[in-house]
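2 protein chains.
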Amino acid sequence: MLGLKVDRLGLDLDRALGEWGEALEAARGGLLARKGLPGSLLGWMDLPEDTETLRAVRRYQESLDFVEDLVHIGIGGSSLGAMALEEALGEGRVRVHYVDHVEPTPLRLLLDRLDPRRTLVHVVSKSGTTLETLSAFALFLDWLKKSLPDWKRHVVVTTDPTRGPLRRFAEEEGLASFPIPEEVGGRYSALSPVGLLPLAFSGADLEALLAGARMANRLAGRPFGENLPLKTALIQHLAYLEGRTITVFMPYSARMRHVPAWFVQLHDESLGKVDRKGQRVGTTALPALGPQDQHAQVQLFREGPKDKLIVLVLPLWDEPLAIPQGPGLPGFLAGRTFLDVLQAQAESTEEALAEAGQRAYTLTLDRVDAYHLGWLLQHLMWQTAFLGELWGVNAFDQPGVELGKRLTLERLEKGGRFP
Amino acid sequence: MLGLKVDRLGLDLDRALGEWGEALEAARGGLLARKGLPGSLLGWMDLPEDTETLRAVRRYQESLDFVEDLVHIGIGGSSLGAMALEEALGEGRVRVHYVDHVEPTPLRLLLDRLDPRRTLVHVVSKSGTTLETLSAFALFLDWLKKSLPDWKRHVVVTTDPTRGPLRRFAEEEGLASFPIPEEVGGRYSALSPVGLLPLAFSGADLEALLAGARMANRLAGRPFGENLPLKTALIQHLAYLEGRTITVFMPYSARMRHVPAWFVQLHDESLGKVDRKGQRVGTTALPALGPQDQHAQVQLFREGPKDKLIVLVLPLWDEPLAIPQGPGLPGFLAGRTFLDVLQAQAESTEEALAEAGQRAYTLTLDRVDAYHLGWLLQHLMWQTAFLGELWGVNAFDQPGVELGKRLTLERLEKGGRFP
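Chains A and B, in that order, give the protein sequences. Sequential numbering from 1 applies to the first sequence in our numbering. Sequential numbering from 1001 applies to the second sequence in our numbering.
It should be emphasised that the hints constitute simulated quantities derived from the structure, not laboratory data. Please note that the accuracy of each hint is not assured.
As the list claims (entries may be wrong) - Below, simulated BS3-like cross-link-like pairs (lysine-lysine); rule was C-alpha separation at most 25 Å, straight line:
| # | chain 1 | residue 1 | chain 2 | residue 2 |
| --- | --- | --- | --- | --- |
| 1 | B | K1005 | B | K1306 |
| 2 | A | K35 | A | K405 |
| 3 | B | K1277 | A | K306 |
| 4 | A | K277 | B | K1414 |
| 5 | B | K1005 | A | K405 |
| 6 | A | K5 | B | K1277 |
| 7 | B | K1405 | A | K306 |
| 8 | B | K1414 | A | K5 |
| 9 | B | K1306 | A | K306 |
| 10 | B | K1306 | A | K405 |
| 11 | B | K1277 | B | K1035 |
| 12 | A | K414 | B | K1005 |
| 13 | A | K306 | A | K5 |
Using the sequences plus the hints, can you model the full thing?
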């Protein structure tokens, strides 16, 4: 189960739930009222129910026996969820290489290392027009075509179900392909084939992943007292009203080390916006990791500006692994486990941060597995959607990235060199 | 060379250098006056000159012929610099595994994958008392001892030159060891054996790395107009005075993807402090990456609160790699290179951010190599040291992390279970 520990938050959450009841009900009502409307981009709510797509991905994976390396070409929402989940859940059956960039040397080094006969290229772009993705795909496609007569077996396309150049290409060439449903935006697409396909190849439990996400869906419909995403959205909202401009996301789990980057995109790109009154709103998500950042960012969290809400994420169980006797270790550690240390650290950090006047709470996971990560990611999507309603922004568009895209294309078209 | 591009910063830097001349001179003077005093922790200034240690590290690496996997056990300053540099510069001669955590399952999975006969364990802790590091080291030591009669050849210790349990252990057992000079703190230690050792095994050009860092040292002594670290420190300071509480560090380079985490520790742990007047000071460093974060954080940077200073880092040269024709690619890309795209993106992002009212400037590197990364890291250490003087804090201690450490030990000693 996904739990919420607020004993050091310093806010009376039950009382706040009462005071904010009307606003929260309006937020949930407003969100759900748009469900099913074209362009609402609420399709992420349905992804956990779509076991048919899951089976299609699994059948495709089982039909290919040559794959030792999977090149996953995608950027932003087309890679961050896959990276986060595969790092935590993959069993290493294939090596997954993420091409989320256009830097020449690492592209060439990766090509040098791969054997095309053992490689599958997965290209991912909702619109099918993402410049970085199409450029890198052109490179890998060229490489496959030059090496393999049956190159088509080595390419799989995940894109819009009907539109865009990648969909057209997949159809014309008769390539394997999967859809990103029309009403699912990039940063809400981790549980679509965008993430399911690399996870299937690396050996994760996809059924458990979606079952966990369905639990998050179920809780989002419950009354306030049992409604986890409404509760955490309210805490985020209250901290925002206090002028806390930074929300830290800090899992105590090395396996979850790429989850913060996924959360940063979800939160920032959904909520950092001009609201309906023309005001700039949003808080800045800051990625962190425990215990690593106790030796990096916690100094600032303790003594720097009191502008932070800090969310710790802590597993309650992991396999028992005892700490052996070793040089310099205090005697009382004998017989304790690594998990004991991890949990004592999270608990102590929460205490030290609260003592310093920052707000902090902990999300607990029974364990780091597919079920709980599915639940956590879907929970955070609900939290973000609720916050969008509370802050009066559309949590599903990204108008602020258009100018940069346009300027890039104009620059390249004019053929100018840097600077 | 490391260059500074401020044409869209919106600040008159030359004028500001004049206005702030006295304060900057005092900052530099105050810093350099402490050089050589015991406890000043300014030994990082001397590391680039220490070619003797470099040769010792190289001789040690050349004396071992069994190493295919290097387990680097260290946390915070004992791993972030090594990770950043090895990802960018390593040639993959050995696989480096970073153990910067205490999570049971990934620890066990790593042990399962390694062959002790081919593995070298590098344990790194300045004090020799870091709980996470000692615990993980105990585990790997136990594994080596159970597997290999000559386990001592498979362990190397990097710690204080004379003190602490790890130094004592290395001496008692006659293990290979390297010093972290007494006057070098963890987050300033990347160019000591902490980073040099894994870099030597992975095949980086250590001589060039230190030569680049010496260039940064040289510039730090120059008059204001040519003094790159004083200039960037001043920009950071002016943005702070404007109430910009967040400083974004955003390299446009996949190879540099771990450099932001290193910078975050350097900046936050050095500067997020209670100053001499009892005020909480500091800005929060936010890691980012281009072009990836154009699809993640840039929406917030454009439309969210105007509380940011954004530092782009851009390579000016990389190997020429042409973009082939490909599905969906605009025709005008034919004949352009991947570097053209990367540079057009960085330039356009800087323009779009400036247009949105955020402050932004670009650090340019001639290329991503050992010389320029050595220069960049040492430059950022000088910038941080100057900022510490301007903000009235000791940039070389970390008093804010002590409470968490004490609480962790107390909790473990009492033997309590979570929560």
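Legend entry - Proposed proximity, K5 (chain A) with K306 (chain A) (alpha carbon, max 25 Å): 21 Å, holds
Inset, instruction - Measure nothing beyond the straight line between the CA atoms of K414 (chain A) and K1005 (chain B); if it is 25 Å or shorter, mark the hint as holding. - result: 22 Å, holds
Legend entry - Restraint check for K1005 (chain B) with K405 (chain A), where alpha carbons must lie at most 25 Å apart: 21 Å, holds
Legend entry - 25 Å limit on alpha-carbon distance, applied to hinted pair K1306 (chain B) and K306 (chain A): 18 Å, holds
Inset, instruction - Below or equal to 25 Å on CA atoms is what counts here, so check K277 (chain A) against K1414 (chain B). - result: Between K277 (chain A) and K1414 (chain B) the Cα gap is close to 54 Å, so the pair fails against 25 Å, i.e. violated.
Legend entry - Pair hint K1277 (chain B) and K306 (chain A), alpha-carbon separation not exceeding 25 Å: 17 Å, holds
Legend entry - Proposed proximity, K306 (chain A) with K1405 (chain B) (alpha carbon, max 25 Å): Roughly 21 Å between the alpha carbons, so the hint for K1405 (chain B) and K306 (chain A) holds.
Legend entry - Proposed proximity, K405 (chain A) with K1306 (chain B) (alpha carbon, max 25 Å): With a Cα-Cα distance of about 21 Å, the restraint between K1306 (chain B) and K405 (chain A) holds, given a limit of 25 Å.
Inset, instruction - Take a quick look at whether K1277 (chain B) and K1035 (chain B) sit within 25 Å of each other, Cα to Cα. - result: Between K1277 (chain B) and K1035 (chain B) the Cα gap is close to 24 Å, so the pair holds against 25 Å.
Inset, instruction - Take the C-alpha atoms of K1005 (chain B) and K1306 (chain B), compute the straight-line distance between them, and say whether it is at most 25 Å. - result: Holds, because 21 Å separates the two Cα atoms, which is no more than 25 Å.
Inset, instruction - Would you mind confirming whether the straight-line C-alpha gap from K1414 (chain B) to K5 (chain A) stays at or under 25 Å? - result: 22 Å, holds
Legend entry - 25 Å limit on alpha-carbon distance, applied to hinted pair K5 (chain A) and K1277 (chain B): Roughly 36 Å separates the two Cα atoms, so the pair is violated.
Hint compliance for this structure: hints 2, 4, 6 are broken, all remaining hints hold.
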